[in-house]
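**Q** In case you want the letters, here they are:
Protein chains: 2
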Amino acid sequence: MGFGKPAVHKEDKMTKKIDKLFVNAHILCMDEPFTRHENGAVAILDDHIHAVGSSAELQKTYTAKEVIDCEGKVLMPGLVDAHTHVPMNLLRGLADDLRLDVWLLGYIMPVEREFVNPDFVRLGTSLACAELIKSGVTSFADMYYFEDQVAESAAEAGLRAVCCQTILKFPSPDADSYKESLAATEKMIKKWKDHPLITPAIAPHAAYTSTIDILGASSAMAQKYNVPLHIHVAETSQEVEDSLRDLDMPVVPYIKEHNVLNSKVIAAHCVHIDEREMHTLHKYGVGVAHNPTSNMKLSSGIAPINRMLNLGLNVGIGTDGVSSNNDLDMFEEIRLAALLAKVSSGDPTVVPARTALAMATSMGAKAIHLGDQTGSIVEGKKADLILVDLQTLHNTPRFKNNPDGVYSQLVYAAKSTDVTDVMVNGKWLMRSRELLTIDVAKLIPKAQALAGEIDQFLIKRFQSVYSKLIAVGGAEEQESYEVQVKVKVEDPQTVIEKILDSELEILYYRHYHEYDTYFEFDDPEEGWLRYREDEFIDAESKVKNIRYRLTLIGPKREKHFPQDVLLSRSRFIAPAPQSLRFYREYFKPSKETYIEKDRKRWKVCFRNIEFYINVDRLDEPSLGTFLEVKSRTWSLEDAEKKAQIADDLLRLLGSSPQNSETLDYVQIVESES
Amino acid sequence: MGFGKPAVHKEDKMTKKIDKLFVNAHILCMDEPFTRHENGAVAILDDHIHAVGSSAELQKTYTAKEVIDCEGKVLMPGLVDAHTHVPMNLLRGLADDLRLDVWLLGYIMPVEREFVNPDFVRLGTSLACAELIKSGVTSFADMYYFEDQVAESAAEAGLRAVCCQTILKFPSPDADSYKESLAATEKMIKKWKDHPLITPAIAPHAAYTSTIDILGASSAMAQKYNVPLHIHVAETSQEVEDSLRDLDMPVVPYIKEHNVLNSKVIAAHCVHIDEREMHTLHKYGVGVAHNPTSNMKLSSGIAPINRMLNLGLNVGIGTDGVSSNNDLDMFEEIRLAALLAKVSSGDPTVVPARTALAMATSMGAKAIHLGDQTGSIVEGKKADLILVDLQTLHNTPRFKNNPDGVYSQLVYAAKSTDVTDVMVNGKWLMRSRELLTIDVAKLIPKAQALAGEIDQFLIKRFQSVYSKLIAVGGAEEQESYEVQVKVKVEDPQTVIEKILDSELEILYYRHYHEYDTYFEFDDPEEGWLRYREDEFIDAESKVKNIRYRLTLIGPKREKHFPQDVLLSRSRFIAPAPQSLRFYREYFKPSKETYIEKDRKRWKVCFRNIEFYINVDRLDEPSLGTFLEVKSRTWSLEDAEKKAQIADDLLRLLGSSPQNSETLDYVQIVESES
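Chain order of the listed sequences is D and V.
Just so it is clear: in the first sequence, position 666 is 812 by this note's numbering, and no numbers are missing.
Just so it is clear: in the second sequence, position 613 is 759 by this note's numbering, and no numbers are missing.
If you are wondering where the hints come from, they were derived from the structure by calculation, not from laboratory data.
Model, not experiment: these values are computed from the prediction.
Among the hints, erroneous ones may be present.
If chains are identical, the list can't say which one is meant, so a pair holds when it fits in one copy or spans any two.
[Claimed, not checked] Computed list of lysine-lysine pairs in PhoX-like fashion (alpha-carbon distance at most 25 Å, straight line): (1) Lys749 / Lys787; (2) Lys546 / Lys592; (3) Lys546 / Lys614.
Build out the structure end to end from the sequences listed, making use of the hints.
**A** What follows is the structure, given as structure tokens:
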């Protein structure tokens, strides 16, 4: 039987027995004309909707094995969660009220690297499916790792799912390279291609996390097997700014250039796309997944869904998974889609309730490219149906003067907990709020036990600045010791002349402008964490390049030699690819000190030992110029020897160690303020 | 015992029996330091919290008549709904997806005028109290009519309430004048002043719906009896624009000038206030009630709550009643308060979960001036407590590495349906989700019956454009008949000269520029509804004033006399104080036609009969000039006589009725396009 056309003949009706007959329902078909039946009936045969009409008519025509009396309830298509990450149900509430980068790089990704495996994915998916069923969802489009396991658990739960295997340009929990991911995806597509519930698919994570090769290969595979391609598009303004800066175009033209739009695309988020990009998405039949809670919670922005809807784009609604939501309650998402469109446009008439509900049913199904199978109550479509009780206290009273009142009741007043019964593909998944395919009581303790392990991992990791640094770090140097001596100089030019005129062999000269932010913590034992921007100044006094580094500085000097030569330890040096803001929010310092200085640095050889000579002019705060002499060291004996030579070098440069300064610059600044 | 100070002595504890002991609870005290007890206990004596501590400690110290094992649950202060209109529970879903003015003037106020009485208020309040209890609310601040009945029903339900009697400058459902309302308010304050649950109060509805006298008298009464004053403040940008235009200042300085801020103010909404107004509110200890769903749904805007919180203002959270929400689910409001602050500020770290929860408990209690009685779990405060089950599927798993995780679980994942038990003033109102003080099953059919009556009222009212017009109208003229004849003229100047040079007695001359929008409807029998802006042009060709009028024009001519003189009927003329946009949204026309014309009009006396002569130049669309001759008529005989004379008048002005135009301008335009 073909989908989407009336496939039932009168003569069939007179004789054929059916499996299930819903009667006395307020039916919302969610088809194009928004057909409603106030006292309606739906006949189910096997996995599909056999007939829709009035209760009186269908009761005369059919004999059913099971008759479902829907008195006081709405019978409607099951909801479609158009973008989610179901295994992340195990990470609910792991970290909240954080910026996207801190949340992702500081918490989610490290935990995923450590914990995500096939068992994790199966457990998380099963719990998510239970939650989805309880909130009336019958179809979802997922994007995660080990998507084969997502498919297995979703099929077991009886839900319809588009299972999209993530492809990334860097190693992921399920693959060391994107080629490995592509191979696994192809295998998964072949395995699930003909399953009645599962649509296997491919998910290049986003333009900025893909190479051109990944985008091309993913689209080619999606086209070869005629499966959807799921991708994050323009979720944050940062993504768009980066795209404009690095690629000279916004995100949609970029993925179009790399053939992504030639496949059946599900574009998640689309928060920051312009009119032209919307037109492009529309032209290529791209489905959009709008994620209101997640976009609000991570303050990604407000997607211009009203403009998209006016252009005729299919915009579905997604939960984005519990880790940024923090639940899978589609009733909340539908309501928010309507509310957010109103407040952002200044027009309370946009995205009325009926439209919002369509986004979560018929239009959502089209957005995830399952529109021919599900999303509306139409003869021939799969029997993916839910019953919603509108006789509850918070749904009372109900007005009937406006035929759209029932949509508004469902969107603005009803709760996910009003969903009483759920059917997918003609099979019951929930009756009277009892789940029939998933044993939640067995799964919850497992999830809680795993949460305990993750708690331990995070507690250990967050016990010190050092371990937090390791976690986001990527060390350049693990540890280094230096002997050093520092004096304030009144006439820097004389010192510089002495360096140039002396017996010293100059190995190189560098000129920097350094902007240092020192983080301090409640526990003084943590020492200082320094975030440094190093501007390298060339011979023509121009900034040549900038280096960003984090240095963890021990709280105390290791040793204090005669003449105030010090042995100091820097515990950790790492590149700092994130912003100062990121590190501030990640490390949560209790105090910050800012120092700006001009540094002229010579690497010299003096008595066969390499020294660094720094002439540092402190500009912010303005504290004069200091001469620093430093050398790396590896043993105490070596350190003692070098301490003596450093002392001599200082004298050679005309300074007396009598005036030496034993405090670090940050301490000097603090003692001055 | 005084509130807010430890009132329990050790010696009491050793001997005294208590009434109730909560044990094994995860207690969130919501006090200033956000005290938490992971395995905590709370002892209740009579109506108040007697002691808070660990389960082990309190179980040793006290013997309770009733011990409540809270395993797996959070015990926290009951929620505070800081701004609501509880009787409006009976109007849930009456009208949605409309602009504030259409919603209020077109639906809510007409229905209120017709249906609101003491019985309505009692029934609505009882249902609302049931819904509030089920979503964990223990205190609310109401504003409506017949507030004495709100107080009665709230007290019966056992909820704590600030019951604020509305004062308006125009007649309201419970009073013909504001003086009557003030007298009723004083009576109510005296009646309820010492009730353990009810705080009677006064509510001048808003600055723009009050006179200066109302503001002054309300504040004086609030101060005399030391009760709160509840008022809507700067809910829409329109309100602020009007205030700036008419009063030369924003809303807060205006109400301050009229002494409102000298009382204990609850300021609802505060969507459009500036930094200076926030400082003023803070200085006067005003409590703010933030209503996220309502502000989004009516697209009023986003209140700058993060800035208010940073200034130290007490910002509570309100539902604003179901008619603009459409439920009383404070869990949704708390979540939205957090989400909306994040997306509007672009910073996901603002209004973290703990702050959002404080807004709905301790800070909310302060905002409605009940902070000394409720809102936190502190010895001596009233026992207003709720239990929330965090072991449900959608709350799984729970991470413990972050002590704030439990707040985030409650705000972002938990649902109102997770509230299992509610206690107010030491008395149970709900146990295991069973309501103990309200018989909902008896009330729902009553509410549904009333909804049926309202449906009938609205159906009758909305059955024709005429009855809808009557409902928002305020007729100038109910009906009028005219004979008229119209011809196209090629040389208007000649016609005008003839008017001036003829034997006609000119009674007056007017010059207008007219901008007409004609609404048409699916049913052609409805005729046209014309919205006209009449610019009156003075002798110096300047616009002197503008009149806005609605005219309902019958679909067909009543009679067609010889020579194309017509008898026409205009069914209704009314002033149009609202905008074209308002009428468009209210009447929902299926088609609109716009006509702009220049009209020179003479009222003349011709053969002892008054005629209007119009020389109309149609500018938009440009269709040339027409000469119209019209006269009012009252009987068919009179009409026949005047038809003949009109014909003669037309000939006198040099035009031949042979060329006459029988179509109305809107029909001419339609036939041309």
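**Q** None of the hints should be skipped; say for each whether it holds.
**A** How the hints compare with the structure:
1. Taking the shortest Cα distances, Lys749 and Lys787 sit within 25 Å of each other inside one copy (19 Å), while across copies they are farther apart (116 Å).
2. Taking the shortest Cα distances, Lys546 and Lys592 sit within 25 Å of each other only across copies (16 Å), while inside one copy they are farther apart (47 Å).
3. Taking the shortest Cα distances, Lys546 and Lys614 sit within 25 Å of each other only across copies (18 Å), while inside one copy they are farther apart (59 Å).
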